[in-house]
Each structure stands twice: as structure tokens, then as C-alpha cells.
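Peer 1: Sequence:
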Amino acid sequence: MFTPRDLPDYQTLLHLAKYYPELDITSVQTCLAFLNATADVYQAFDAHFARYGLSMGKFTILMQLLQAGEQGLTPSECAERAGVTRGTITGLLDGLERDGLVKRQPHPADRRMLTIQLTPKGKQLLEQMLPDHFCRTTNLMTNLSDAEKKTLIELLAKLRAGTPAMREL
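Quick note on our numbering: the sequence shown kicks off at 12 and runs consecutively.
The set of hints was computed from the structure by calculation and includes no laboratory data. Do not take every clue at face value.
[As the list claims (entries may be wrong)] Simulated restraints, written as ranges between beta carbons of each label pair:
hint, residue 1, residue 2, range
1, G173, E91, 49 to 59 angstroms
2, A44, L77, 31 to 41 angstroms
3, Q54, G102, 19 to 29 angstroms
4, Q54, Y31, 47 to 57 angstroms
5, T41, L151, 17 to 27 angstroms
6, L141, T23, 40 to 50 angstroms
7, I164, P131, 30 to 40 angstroms
8, R92, L155, 48 to 58 angstroms
9, R92, V52, 18 to 28 angstroms
10, D105, Y31, 28 to 38 angstroms
11, L34, R147, 35 to 45 angstroms
12, D143, E108, 39 to 49 angstroms
13, L155, A58, 47 to 57 angstroms
Built from N, CA and C at the ideal position, the CB exists for glycine as well.
Generate coordinates for the entire structure from the input sequences, incorporating the hints supplied.
Peer 2: Structure, rendered in C-alpha cells:
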């Protein structure tokens with residue numbers, strides 16, 4: 012499997028910079044450090060969610076539905092809030108429904124649509140896991156001071172503002 016750790020080290024970047032003057036070694040190193048940390052955090056979250064038979068995507072949907080309350084959400088609202096395609100949401104909802112964690116109901120105002128709601132089993136799972144989840148999230152961030160956490164939030168916002176540079180043609 013490909014990981015950011017498979018990417019060039021400092022010596023390789025220094026060598027490449029001779030051929031590619033637009034290569035900013037510090038920018039690439041910073042990006043690689045971010046990607047490595049992100050990969051580690053994703054692996055940790057995947058292991059955490061697996062304890063509860065969930066994926067990050069399924070957990071995201073459950074949390075959206077918890078926030079929505081009794082009215083629930085339409086599948087397209089779930090997709091939009093999660094930033095994924097309707098096809099992806101359909102797969103996630105199929106799995107959650109199969110596990111008895113959500114139910115699809117006819118939409119009260121438009122019978123062509125569905126509303127997704129948490130089941131009592133879904134609510135119970137969240138009540139069981141959220142204390143552990145929040146404790147683990149706190150422990151993940153324990154090495155950062157409150158000031159560093161605020162700074163990290165600001166830096167990540169700046170990083171996100173640069174993401175169009177990777178998408179542009």
C-alpha cells in the first residue's frame with residue numbers, strides 16, 4: 012500500500028531541486044510531514060471505529076443524524092454535509108440500515124423522497140461509544156497546549172485555502 016512515507020527524503024529533494032528550480036524543499040517537507048501525520052491519524056481512527064463495527068464514513072452519518080434529531084435527514088442532505096457523492100451515501104446507508112442503526116422512512120412532505128433517522132439501536136451505540144470517542148480524541152491532542160491547538164486550527168485553515176492549487180488544471 013502507498014503511504015506518504017514512500018515519498019522522497021531530504022537528500023532526494025535536494026538532488027531534485029537542482030533540476031526543478033520551482034521545488035521548495037521546505038514546502039515539500041512540510042507537506043510530507045502533514046501527510047504522514049494525517050495517515051497515522053486516519054489509521055488510528057479506523058482502528059477506533061472498527062471496535063464499534065463502524066467506519067469513519069458511517070460514524071459521520073450517525074453523528075449527522077444525531078444532530079438532526081427526530082426529523083432526520085434526506086440522503087442528499089447527508090451526502091452534502093459529508094462532502095461525498097450520493098452513491099457513496101447510498102452504500103453507507105445500506106450498511107447502517109443492514110446493521111439496524113438507521114431506518115429509511117418516507118419523507119413527510121414529498122413521497123418521492125426518503126428521510127433517514129437513527130434507530131434506538133443507533134442511538135444506543137452512540138451513547139455507548141461517544142464517551143470513549145471523546146476521551147480518545149482528547150488524548151490524541153494531549154501533546155498540544157490550548158494555544159497550540161488554536162494555532163493548529165488556524166494553520167490548517169490556511170492549508171485548506173491552498174488546496175485549489177492541487178485541483179486546478
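Peer 1: Under the constraints set out in the numbered hints, which ones does this structure not fulfil?
Peer 2: Hint check: 1, 4, 8, 10, 12 and 13 fail, others pass.
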